[in-house]
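Visitor: Make a model of the complete structure from these sequences and hints.
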Amino acid sequence: MKKLSLICYLCSVLYSGATYAAEGRFDFDRWNMILNKIQDRAVAENVDDRTINAAIQDAAFIPKIVWRDQNQSEFKLTLGEYLAKTVNEKRIANGHKMRAKYPTLLNKVHQKYGVSPEVILAFWGLESNYGETKGSSKLTDSFLTLIYEGRREQFFTDQMIALMKISSKNRIQIEGVRGSWAGAMGHFQFIPTTLQQYGADGNGDGRIDIINNISDAMFSAGNYLNRLGWNPNEKIVRRVELPENFDVSLCDGKTKKSLAEWAAMDIAGVPDANMEAGLVCDAANFSPALAYLTYPNFYRIKKWNNSNWYAIAIAELAEKL
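Numbering (this note's numbering), first residue to last: 1 to 321.
There's no promise every hint is true.
Each computed EDC-like pair below joins lysine to aspartate or glutamate, with the alpha-carbon atoms no more than 20 Å apart [claimed, not checked]:
hint: 1; residue 1: K76; residue 2: D252
hint: 2; residue 1: K235; residue 2: E153
hint: 3; residue 1: K302; residue 2: E319
hint: 4; residue 1: K320; residue 2: D205
hint: 5; residue 1: K165; residue 2: E316
hint: 6; residue 1: K254; residue 2: E234
hint: 7; residue 1: K138; residue 2: E118
hint: 8; residue 1: K97; residue 2: D252
hint: 9; residue 1: K320; residue 2: D58
hint: 10; residue 1: K37; residue 2: D49
hint: 11; residue 1: K112; residue 2: E132
hint: 12; residue 1: K302; residue 2: D252
hint: 13; residue 1: K108; residue 2: D205
hint: 14; residue 1: K235; residue 2: E276
hint: 15; residue 1: K112; residue 2: E234
hint: 16; residue 1: K85; residue 2: D247
Keep in mind that the hints were calculated from the coordinates and are not lab data.
Guide: Here it is as structure tokens:
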């Protein structure tokens with residue numbers, strides 16, 4: 001394969017990175033070096049020529065992605081606000097519709113991976129609104145832009161190569177792959193390295209396409225949760241009520257105590273069982289009635305998305321479905 005030159009990308013880079021070029025801040029040598037390194041690694045890892053060319057032939061730098069990466073909002077919703085936003089009546093109603101639409105598929109995932117339909121639906125609802133918001137960014141351009149930015153260069157290089165290998169192996173046209181600006185894709189918003197590790201062929205056609213094939217998407221989600229150790233016989237959380245003077249420093253989800261120890265702190269609603277649990281509440285906006293005991297499945301969800309609020313929302317949405 002012929003070494004790609006800077007001239008091949010000049011027009012697209014100037015067009016998409018006009019602000020950077022006009023201010024003399026865009027480093028064309030670095031951009032060209034990145035493209036050549038991606039090509040060399042992809043060749044070494046047996047990605048086919050067509051995928052390599054499609055991924056980088058018309059590569060474009062997207063300044064808006066750099067801006068979004070550097071200006072991610074630090075605003076944090078209260079737990080109550082987050083649950084009102086994520087576990088709303090529309091999402092619950094659409095979840096019931098999807099359960100009625102895909103009963104056989106959801107049951108197959110349950111039988112194979114031990115993850116119940118309501119849990120799969122909860123993840124699907126939170127990640128992409130049941131497939132309505134899978135993202136519209138061209139992932140190759142997103143990854144190349146984020147590699148150029150340099151903040152997490154190795155991470156996004158690995159994602160780019162993983163995407164190329166996935167596309168090559170599954171006969172997917174990489175230039176058509178769309179997702180979030182940060183590189184998540186499909187019904188369940190997997191990043192490429194997660195898809196590489198946990199992707200599953202749900203319809204038996206020998207390919208894995210989690211963007212366009214709902215069977216592959218659901219089987220992949222079920223496989224991922226199963227491999228994280230999902231226990232179908234355990235609850236995710238249990239809502240409890242704390243006393244007014246409770247030490248909210250214990251509400252971090254990291255402090256584990258036996259249920260008997262939690263009950264001894266005058267927490268209402270603690271079941272009588274011989275097991276440990278964590279505790280989560282909104283320490284900054286304390287409400288005694290909005291607190292949760294957190295069980296092992298809660299922490300498995302956090303390996304998917306490391307947010308206490310997210311894991312509680314999954315539990316609440318699954319409960320309502």
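Visitor: For K302 and D252, compute the direct alpha-carbon distance and say whether it is at most 20 Å.
Guide: The given pair, whose Cα atoms are some 13 Å apart, holds under the 20 Å limit.
Visitor: Can the restraint linking K235 and E276 be considered satisfied, given a maximum Cα separation of 20 Å?
Guide: holds, 13 Å
Visitor: Given the hinted pair K85 and D247, is their alpha-carbon gap at most 20 Å?
Guide: violated, 27 Å
Visitor: Would the pair K138 and E118 pass a check requiring their Cα atoms to be no farther apart than 20 Å?
Guide: Roughly 31 Å between the alpha carbons, so the hint for K138 and E118 is violated.
Visitor: Check the hint pairing K76 with D252 against an upper bound of 20 Å on the C-alpha distance.
Guide: Cα-Cα ~16 Å, so holds.
Visitor: Would you check the hint for K112 and E234, treating anything up to 20 Å between C-alpha atoms as holding?
Guide: holds, 18 Å
Visitor: For K97 and D252, compute the direct alpha-carbon distance and say whether it is at most 20 Å.
Guide: violated, 35 Å
Visitor: So if I understand the rule, the pair passes when the alpha-carbon distance is 20 Å or less; does K302 with E319 pass?
Guide: holds, 18 Å
Visitor: Is K254 close enough to E234, meaning Cα to Cα at most 20 Å?
Guide: holds, 19 Å
Visitor: Given the proposed pairing of K165 with E316, does the C-alpha separation stay at or below 20 Å?
Guide: violated, 37 Å
Visitor: With a cut-off of 20 Å on the C-alpha distance, tell me whether K320 and D205 pass.
Guide: Outside the cut-off at roughly 34 Å; violated.
Visitor: Does the structure keep K235 and E153 at a Cα separation of 20 Å or less?
Guide: Given pair K235, E153 is violated - Cα atoms ~39 Å apart, limit 20 Å.
Against the hints set out earlier in the document, violations occur for numbers 2, 4, 5, 7, 8, 9, 11, 16.
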